[in-house]
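S.K.: If you read the protein sequences in the order shown, they are chains A and B. The first sequence begins at 1 in this note's numbering and counts up one residue at a time. The second sequence begins at 1 in this note's numbering and counts up one residue at a time.
Just so you know, the hints here were simulated from the structure itself, not pulled from any lab data. Note that this is a predicted model, so its numbers are computed, not measured. Hints may be right or wrong, so weigh each one.
[As the list claims (entries may be wrong)] Simulated DEER-style distance windows between Cβ atoms: (1) 138(A) <-> 230(B): 29 to 35 Å; (2) 56(A) <-> 218(B): 29 to 35 Å; (3) 214(A) <-> 60(B): 41 to 47 Å; (4) 69(B) <-> 1(A): 34 to 40 Å; (5) 75(B) <-> 211(A): 46 to 52 Å; (6) 195(A) <-> 75(B): 49 to 55 Å.
[To be verified] Heads up, incomplete: computed chain B residues facing chain A, CB under 8 Å, no partners named: (7) 30; (8) 119; (9) 123; (10) 124; (11) 126; (12) 175; (13) 226.
Beta carbons are placed, not taken as given, at the ideal position from N, Cα and C, and that holds for glycine.
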Amino acid sequence: MTLSREQMAMRVARELKDGYYVNLGIGIPTLVANYIPEGIEVMFQSENGLLGMGPFPTEEQLDADLINAGKETVTTINGASIFSSADSFAMIRGGHVDFTVLGAFEVDVKGNIASWMIPGKLVKGMGGAMDLVAAAPNIIVMMTHADKYGNSKLLEQCSLPLTGAGCIKRVMTDLAFVEIDHEQGAFILKERAPGISVDEIVGKTGGKLIVPDNVPEMEF
Amino acid sequence: MSGFDKVVHSYEEAMQGLEDGMTVIAGGFGLCGIPENLINQIKKLGVKDLTIVSNNCGVDGFGLGVLLEDKQIKTMIASYVGENKLFEQQMLSGELEVILTPQGTLAEKMRAAGAGIPAFYTATGYGTPIGEGKEVREFNGRKYILEESIKGDFAIVKAWKADRYGNAIYRHTAQNFNPMAATAGKITVMEVEEIVEPGELDPTQVQTPGIYVDRLIQGTFEKRIEKRTVRSA
Chain A
1 MTLSREQMAM
11 RVARELKDGY
21 YVNLGIGIPT
31 LVANYIPEGI
41 EVMFQSENGL
51 LGMGPFPTEE
61 QLDADLINAG
71 KETVTTINGA
81 SIFSSADSFA
91 MIRGGHVDFT
101 VLGAFEVDVK
111 GNIASWMIPG
121 KLVKGMGGAM
131 DLVAAAPNII
141 VMMTHADKYG
151 NSKLLEQCSL
161 PLTGAGCIKR
171 VMTDLAFVEI
181 DHEQGAFILK
191 ERAPGISVDE
201 IVGKTGGKLI
211 VPDNVPEMEF
Chain B
1 MSGFDKVVHS
11 YEEAMQGLED
21 GMTVIAGGFG
31 LCGIPENLIN
41 QIKKLGVKDL
51 TIVSNNCGVD
61 GFGLGVLLED
71 KQIKTMIASY
81 VGENKLFEQQ
91 MLSGELEVIL
101 TPQGTLAEKM
111 RAAGAGIPAF
121 YTATGYGTPI
131 GEGKEVREFN
141 GRKYILEESI
151 KGDFAIVKAW
161 KADRYGNAIY
171 RHTAQNFNPM
181 AATAGKITVM
191 EVEEIVEPGE
201 LDPTQVQTPG
211 IYVDRLIQGT
221 FEKRIEKRTV
231 RSA
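Isolated chain A, as found in the complex (with noise of 0.2 Å):
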């Protein structure tokens, strides 16, 4: 069975450490806060200003003036802090957010990302992606591994306009969970969904991909 959007949320949940600062992308993203493994503490950082977001307010405590980088409104944990968006960007360049998760279009062997436009169709921008992309040491980038068509989404090079050059490492989809190699140029088979063969997997793989010996299925 192909993974649900909870369950790839479940897995990249798992690569979340004690006292990691934390940036998750707006859409599929966001649902990793729903799985913080227990025992670990983490803080989420919103790139408009705010580290240390807390969940939806109560109509008590909703607030126009405190939101995340979605625009949805939100609160504070103990223990937060808001800052310019300048502040916010030079955490996210500076390399100091620990762990970042985005969606995408488009992964590549060279590990380039396309995830902000579609030549022919409405481009509404890149909000802070290009930024994140380019600074945070420790990405994953959360998607389907192909896209309704059928049509892979893991490819030998992007055909959609870059976010980022050479920047993702690992890619969790509703197949598995791979890694880049940048030097080789190819996505490495780490993991895979449970049920899913790893026929499947090279089928729907666009670039080059190396199966080792042993690919676990993942466990829930």
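Got chain A; can you put chain B on it based on the hints?
M.R.: For chain B alone, coordinates are given in the frame of chain A:
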């Protein structure tokens, strides 16, 4: 009163001198912390061919979105333009030029301008369409592009409280781009929810020192929420 007193008493006075073709830097993220009354005053003035520099362009009928109604914006420099229909129309018809700029680069362009730095190198955008045509330089084995800072003829910002001298503090994430915008205007106009007397704000807590502020006005704010997300208590 004192030569440091920045208070003006009308929005006409606050935006006096704004002319066709000028560049206006605006604070705010989405609809959070936007100088909504100053924007409305720009609409009222009817000035045209503006270059607006702001992370977003408001929504239809609110925030910077109102400046699209009479086609007052010629060029928009932003990181994300969102779901604004009028914006989409004018962009597709070619009436509105849009220069998409990564959010961190945008913040740094304002910060740098305010600090007298004409340009800076950043890894953000290298190898992407944003980097095309820009100078590339390698430092410690990594490639960076040269980005120029942006100075505004006007900067319009929203803070929570300020004293008469323009020393200001922001509330929660309504801070966002406002402190950098405040530094980057040849004329910086700040609107606040409350003006207090000098000495009432703790100097340690001041986030924008009054030196950056030229005109200060107290207003009332709608503070519209773009995405109201709540949980049950």
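S.K.: A separate judgement is required for each hint: does it hold in the structure or not?
M.R.: Consistency of the hints with the structure:
| no. | hint | verdict |
| --- | --- | --- |
| 1 | 138(A) <-> 230(B): 29 to 35 Å | holds, 32 Å |
| 2 | 56(A) <-> 218(B): 29 to 35 Å | holds, 31 Å |
| 3 | 214(A) <-> 60(B): 41 to 47 Å | violated, 55 Å |
| 4 | 69(B) <-> 1(A): 34 to 40 Å | violated, 51 Å |
| 5 | 75(B) <-> 211(A): 46 to 52 Å | holds, 51 Å |
| 6 | 195(A) <-> 75(B): 49 to 55 Å | holds, 53 Å |
| 7 | 30 | holds, 4 Å |
| 8 | 119 | violated, 16 Å |
| 9 | 123 | holds, 4 Å |
| 10 | 124 | holds, 4 Å |
| 11 | 126 | holds, 6 Å |
| 12 | 175 | holds, 6 Å |
| 13 | 226 | holds, 4 Å |
In this structure, the hints that do not hold are numbers 3, 4, 8, in rising order.
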